[in-house]
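S.K.: Numbering (the working numbering), first residue to last: 128 to 444.
There could be a bad hint or two in this list.
Stated by the list, open to error - In silico DSSO-like links for lysine-lysine, alpha-carbon gap of 27 Å or less:
(1) K263 <-> K158
(2) K158 <-> K270
(3) K367 <-> K411
Stated by the list, open to error - Derived CB-CB ranges, DEER-like:
(4) G407 <-> E237: 50 to 56 Å
(5) L261 <-> D345: 18 to 24 Å
(6) E225 <-> M406: 47 to 53 Å
(7) G160 <-> A361: 40 to 46 Å
(8) V438 <-> E168: 28 to 34 Å
(9) G160 <-> P362: 42 to 48 Å
(10) L165 <-> E241: 17 to 23 Å
(11) V438 <-> T330: 24 to 30 Å
(12) G239 <-> K270: 44 to 50 Å
Rather than coming from a laboratory, the hints here were simulated on the basis of the structure.
Glycine included, each C-beta is placed from N, C-alpha and C at the ideal position.
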Amino acid sequence: MAELKYALYTGCTARESTPELLMSTLAVAKKLGIELVLLDEASCCGASHLQDFDDFLSLVLNARNICYAEKQELNMVTICNTCQLNTVMTKERLDSDENLKSQVNEKLAEVGLEYKGTSSVRHFLYAIIDDYGLDKLAEQVVKPLDDFNIAAFYGCHNIRPSHLHRKHNRVERGVGEGGGEEGFEEVPLMSKYNDGENPYNPTSLDRIIEALRGKSVDYDSKNKCCGFHADLQAPHTAHKLTGTALLDAIDNNADMMVTPCPLCHLNMDVKQDSVAKEMGRDIKLPILHLPQLIGLALGIEPQELGLQHNVSEPTFV
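Whenever a hint applies, use it, and build me the whole structure from the sequences.
M.R.: As structure tokens, this is what we get:
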């Protein structure tokens with residue numbers, strides 16, 4: 128297998144609020160022989176809020192971050208669903224609108240940068256699945272997770288909006304295939320961003336769990352919102368969203384939950400006690416970042432994965 132090397136866009140949260148995510152990502156990448164080059168010049172993606180106040184500034188900000196990956200001549204990987212969404216949305220818009228790209232590049236020129244569109248953008252989750260490969264990952268497992276029921280929690284921004292993740296191609300129908308005087312139909316293709324993940328029935332996290340020999344929990348809330356972005360304006364609503372997902376996993380016998388998003392992790396992990404009070408039920412469920420789960424199965428020491436920083440105590444370690 129050819130050497131895998133990416134520009135790692137960490138976003139804000141993995142640098143500050145969830146340092147264990149960055150720790151475990153780097154530890155897992157090292158174990159798997161994946162080289163990650165940190166983009167230290169990159170800034171915040173604007174979360175999901177900046178574009179509501181200044182759409183153009185949001186485009187410039189995210190294009191600037193991609194430029195640093197382009198300067199390294201590397202494809203970018205993210206470890207935050209919201210960073211993934213904002214970066215991908217920016218790339219889609221600039222790559223499909225030369226006029227808009229020119230306007231953004233005029234602004235970027237003030238800091239000596241130019242967006243070219245040469246670097247792809249994906250979540251580290253899909254880089255592991257598509258580039259490293261699940262079969263190869265399974266071969267590296269030294270501590271199988273077969274004693275655990277693991278609830279995959281996908282979050283919103285890695286699988287929605289679906290138009291970013293489902294490309295279509297017009298193909299000519301054969302005789303007798305029906306419909307339309309033009310004789311064409313729209314056929315979905317796999318997305319270049321997330322392997323064509325179906326937002327109604329995502330499978331990527333579940334497939335990783337199974338590659339690590341864990342038992343994937345079947346529950347309704349795996350693709351629901353964690354409530355993070357509603358927390359400031361409507362904390363009770365946010366807590367209900369978080370609590371519903373946690374209790375759904377618990378009621379389906381989950382021993383732990385894993386998520387690829389640090390914002391989901393903050394809500395599920397840090398706020399578990401306040402969510403339990405809101406829901407009127409005891410909630411004790413360990414919440415792991417995706418690379419923490421992978422790292423445990425690979426035999427990486429818990430301290431190196433930053434498990435001491437998790438608020439929901441991983442008693443199984």
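S.K.: Which hint numbers doesn't this structure obey?
M.R.: Hints that this structure does not satisfy do not exist here, as all of them hold.
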